[in-house]
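Chains as they are written, first to last, in numbering that gives the first Met the number 0: chain R, 0 to 442; chain A, 0 to 145.
Among the clues, some could well be false.
[Said to hold, decoys possible] Heads up, simulated DMTMM-like pairs for lysine to aspartate or glutamate below, C-alpha to C-alpha not over 20 Å straight-line:
#1 LYS395(R) to ASP74(A)
#2 LYS122(A) to GLU179(R)
#3 LYS47(A) to GLU109(R)
#4 LYS395(R) to ASP143(A)
#5 LYS389(R) to ASP143(A)
#6 LYS389(R) to ASP74(A)
#7 LYS389(R) to GLU132(A)
#8 LYS84(A) to GLU400(R)
#9 LYS142(A) to GLU179(R)
#10 LYS104(R) to GLU55(A)
#11 LYS47(A) to GLU179(R)
It should be emphasised that the hints constitute simulated quantities derived from the structure, not laboratory data.
Below, each chain spelled out in residue letters.
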Amino acid sequence: MKKEIGVVFIFLSITALLAGSFFGCISAFQFVFPGFFDLLPFFKNRPIHVSFTVSWIFLSAIGGIYYYLPKYCGLPLFSRKMAVVHIWMFIITGFLIISSYLFGKFGGREYWEFPPILAIPIFVSWVIFTFNFFKTVLKKVGQWPVYMWMWSTGVCFFLMTFTESYLWVLPHFRNNIILELTVQWKAGGSLVGSWNMLVYGTALFVMERIKGDQSLSRSNLAFWMYLLGLTNLMFGWAHHIYNVPTAPWIRYLSYVISMSELLILSKIIWNWRKSLEQAKKDFYFLPFRFLVASDIWIFLNIVLAILISIPAVNAYTHGTHITVAHSMGSAIGINTMILLASVLFIITDVTKFEFAGTQKTIIRIGFWLTNISLLVFLTFLVIAGAEKGKLIVENKLVFQEIMQQIDPYLVSFAWSGLFIFIGLLMTTIPPLLAIIQYLKKKD
Amino acid sequence: MSTNSMSTGLKRFFFWSLFILFVIDAYFVYTSGTENDPSQSFLTEGAKNGKLLFQEHNCISCHQLYGLGGYMGPDLTNVMSAPGKGEIYVKTLIQNGTQRMPNLHLPESDVKALTEYLNYVDKTGISPVRNFEINLDGTITQKDVR
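Work out the full structure, taking the sequences as your base and the hints as a guide.
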């Protein structure tokens with residue numbers, strides 16, 4: 000493993016993305032066709048899908064940071080050995096987690112469904128990463144670009160919120176479901192915010208490199224937008240638990256903070272107005288194309304997030320497929336598009352390899368197939384969720400009756416998921432082959 | 000485009016101010032915001048054990064509590080008191096499974112613990128919320144509360 004350590008992370012991240020979307024497809028079909036692929040039942044399959052998907056996000060974001068710091072920020076890694084230990088711990092823990100699911104050993108916490116003992120190596124590997132990261136970036140203090148603030152925040156807050164999400168092992172938290180659910184979703188909401196910081200920092204970095212415009216990440220406005228995002232990370236999580244009987248101020252605080260996302264929305268629209276012509280010119284460049292797509296998904300997801308943060312709307316949408324649309328839209332539309340831009344940027348940079356005409360065509364078709372299928376996928380989830388909410392609140396129907404009525408939408412959702420997988424395959428196979436060739440080369 | 004006139008010291012000040020507010024918020028969330036659970040008397044030893052079993056069998060992958068969890072099966076928050084449901088219904092489903100739900104072949108003691116846990120959850124609140132009034136500011140007033 001003498002090659003760029005960041006590239007090894009990127010290689011693993013692409014395999015995790017493909018595995019995550021493959022198991023996601025199986026889960027979706029199991030959801031609508033009970034009995035489908037019973038060898039791996041839904042309650043085992045779903046956590047496998049989630050774990051691979053979360054791994055894709057972390058591996059690609061971390062791989063980017065390991066690659067960009069020495070190569071472009073003039074900050075050689077404090078310790079390459081620590082990065083190697085980090086990746087081996089990631090691989091071994093990942094193997095243990097998937098094995099635990101296959102053998103039916105669970106911790107039963109949504110998204111971290113593995114036995115709690117496996118949280119220890121994750122925590123330790125992140126401490127190693129945190130130490131290595133700060134020993135590297137603190138060599139150069141002063142006017143940091145915003146992406147450096149974002150990466151630093153993401154690294155620290157992951158450690159904090161991941162620890163917080165395990166407070167349930169203490170009886171004080173475990174034996175009060177109101178406290179426990181609240182802390183779980185407080186930690187979970189902020190934890191997603193922490194990986195978003197890593198991802199959005201990456202987006203800003205790549206955009207700065209593509210445009211060659213350093214002011215993008217050094218302006219006061221960029222810093223204010225970062226602070227706004229951080230405020231939402233810290234206080235905007237309670238829309239997950241509006242119907243949990245906590246003190247009302249928890250809901251009101253979150254509601255008010257969530258509405259500040261309207262400012263982010265305005266900023267996106269303002270940017271589009273200014274940069275549409277330039278975007279048309281740069282669209283041929285593959286990483287830029289993925290960043291443009293992520294911008295559109297950010298816009299749509301913020302609209303959805305703002306809507307479901309209004310308690311009166313949330314009463315209809317909570318616990319419906321609209322929540323799934325929100326999380327899938329963020330994971331695929333925003334995070335995956337940004338991280339694919341970063342992955343393509345790194346691969347073309349490190350291999351000095353310009354994709355051939357056919358490969359470019361395959362990636363472009365994959366790009367459009369993924370995005371169009373995602374639009375169909377999310378549309379059916381939103382329709383299914385809206386219908387479910389109406390049937391619960393207004394028609395007071397029970398679960399089985401509701402599922403019968405929304406089944407056609409869910410079948411369409413499952414099929415469009417398959418097309419997302421095919422699109423991702425087409426997008427990632429050429430870069431994956433390029434990276435394998437690079438890793439095979441002797442130093 | 001705004002200029003980069005803000006000093007690093009000022010940026011740090013904003014960051015740390017937010018962080019201190021975050022810590023204060025966490026303190027109140029952990030204490031006065033959530034500590035009042037009037038249903039504690041229903042949290043028997045069996046219910047505590049049932050909670051761990053609920054996690055060990057990854058029930059949350061398919062079911063929800065307070066609308067949080069998977070979508071394969073129904074929300075179980077009030078399954079013990081819902082019309083036509085209740086303890087016998089729950090025990091029968093756990094012991095036999097359905098087309099969508101596997102039969103986990105649990106011993107009688109585990110089934111009892113799980114129902115005790117669901118009974119405790121049922122006493123803590125209501126989900127999904129069906130009866131509410133919408134206020135002008137976009138908040139809601141729940142009509143039926145435990």
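Hint by hint, here is what the structure shows:
no.	hint	verdict
1	LYS395(R) to ASP74(A)	holds (14 Å)
2	LYS122(A) to GLU179(R)	holds (15 Å)
3	LYS47(A) to GLU109(R)	holds (19 Å)
4	LYS395(R) to ASP143(A)	holds (14 Å)
5	LYS389(R) to ASP143(A)	holds (18 Å)
6	LYS389(R) to ASP74(A)	holds (16 Å)
7	LYS389(R) to GLU132(A)	holds (15 Å)
8	LYS84(A) to GLU400(R)	holds (15 Å)
9	LYS142(A) to GLU179(R)	violated (25 Å)
10	LYS104(R) to GLU55(A)	holds (7 Å)
11	LYS47(A) to GLU179(R)	holds (13 Å)
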